[in-house]
Amino acid sequence: DTAVSQTPKYLVTQMGNDKSIKCEQNLGHDTMYWYKQDSKKFLKIMFSYNNKELIINETVPNRFSPKSPDKAHLNLHINSLELGDSAVYFCASSPPSGIETQYFGPGTRLLVL
Amino acid sequence: GENVEQHPSTLSVQEGDSAVIKCTYSDSASNYFPWYKQELGKGPQLIIDIRSNVGEKKDQRIAVTLNKTAKHFSLHITETQPEDSAVYFCAALGGYGNKLVFGAGTILRVKS
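Protein chains in written order, with my numbering: chain U, 7 to 119; chain L, 16 to 127.
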């Protein structure tokens with residue numbers, strides 16, 4: 007009964023490749039997020055979707071493209087991977103009552119070689 | 016925009032002692048302040064939160080205090096246990112209410 011799940015858990019790939027990370031939540035939440043956590047553990051929001059609509063788009067390179075097929079899923083596609091993209095990517099969701107309480111997934115550890 | 020600073024970056028305490036982590040924020044319109052615990056290899060988990068209309072909140076061994084005038088809030092853990100060892104993040108919901116801004120994290124080590 008995982009609340010927020012992500013696949014894959016680990017992703018090792020070569021520079022220049024294109025990869026996708028998937029996220030699903032079974033909490034009935036309306037809002038979903040992608041965060042990036044760098045090697046120093048700093049956690050920063052990348053994108054936020056509410057009912058499949060983009061509401062937050064931080065200054066993220068356009069090589070990163072989120073896609074929300076329905077309000078339970080938010081996927082992250084990354085084109086032309088670079089070394090600096092290596093990080094842990096977390097998906098999160100929050101309930102319709104407000105965006106305050108966010109529930110995080112287990113993370114996807116991306117290593118670009 | 017909102018800026019959150021967190022101190023200390025690392026904290027070592029003896030089992031049974033108390034631990035205090037402090038955060039300051041810049042946006043006086045921020046109104047929601049959660050604390051997250053991140054264990055090794057896992058995602059952040061909400062442990063306690065406080066809203067701007069409350070000065071203190073307690074949940075068993077964990078408490079959070081908020082000083083709106085000074086724009087700082089603190090996490091207090093009493094009777095620490097080895098399983099409290101983790102990275103703790105504070106966060107503030109910006110005045111526009113559209114995103115959480117996180118502090119840099121505190122690595123807490125509880126020595127038994």
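One thing to keep in mind: the hints can contain errors.
What the hints assert, rightly or not - Interface residues of chain U toward chain L, partial, derived using beta-carbon atoms under 10 angstroms:
(1) Tyr-39
(2) Lys-47
(3) Glu-59
(4) Ile-61
(5) Phe-70
(6) Leu-89
(7) Thr-107
(8) Phe-110
Hints in this document: simulated from the structure, not taken from any laboratory. This structure is a prediction, so every number in the text was calculated from the model and none was measured. Where a beta carbon is used, it is the ideal one built from N, C-alpha and C, also for glycine.
Query raised in the report: Can Phe-70 (chain U) be said to touch chain L, with a Cβ gap under 10 angstroms?
Result: 16 angstroms, violated
Report task. Please verify that hint: Lys-47 (chain U), Cβ, nearest Cβ of chain L, below 10 angstroms or not. Result -> With Cβ-Cβ at 5 angstroms, under 10 angstroms, it holds.
Query - Satisfaction of the Ile-61 (chain U) interface hint, Cβ to chain L closer than 10 angstroms - result: 7 angstroms, holds
Query raised in the report: Going by Cβ atoms only, is Phe-110 (chain U) closer than 10 angstroms to chain L?
Result: This interface hint holds because 4 angstroms falls under the 10 angstroms limit.
Report task. May I ask you to test the interface hint for Thr-107 (chain U) with respect to chain L, counting a Cβ-Cβ separation under 10 angstroms as satisfied? Result -> With a closest approach of 6 angstroms, the Thr-107 (chain U) hint holds.
Query raised in the report: Can the hint on Tyr-39 (chain U) be confirmed by a CB-to-CB distance to chain L that is less than 10 angstroms?
Result: 8 angstroms, holds
Query raised in the report: Going by Cβ atoms only, is Leu-89 (chain U) closer than 10 angstroms to chain L?
Result: Where the cut-off is 10 angstroms and the nearest Cβ of chain L is about 22 angstroms from Leu-89 (chain U), the hint is violated.
Query raised in the report: Hint check: is the beta carbon of Glu-59 (chain U) less than 10 angstroms from a beta carbon of chain L?
Result: 13 angstroms, violated
Taken one by one, the earlier hints fail for this structure at numbers 3, 5, 6, listed in ascending order.
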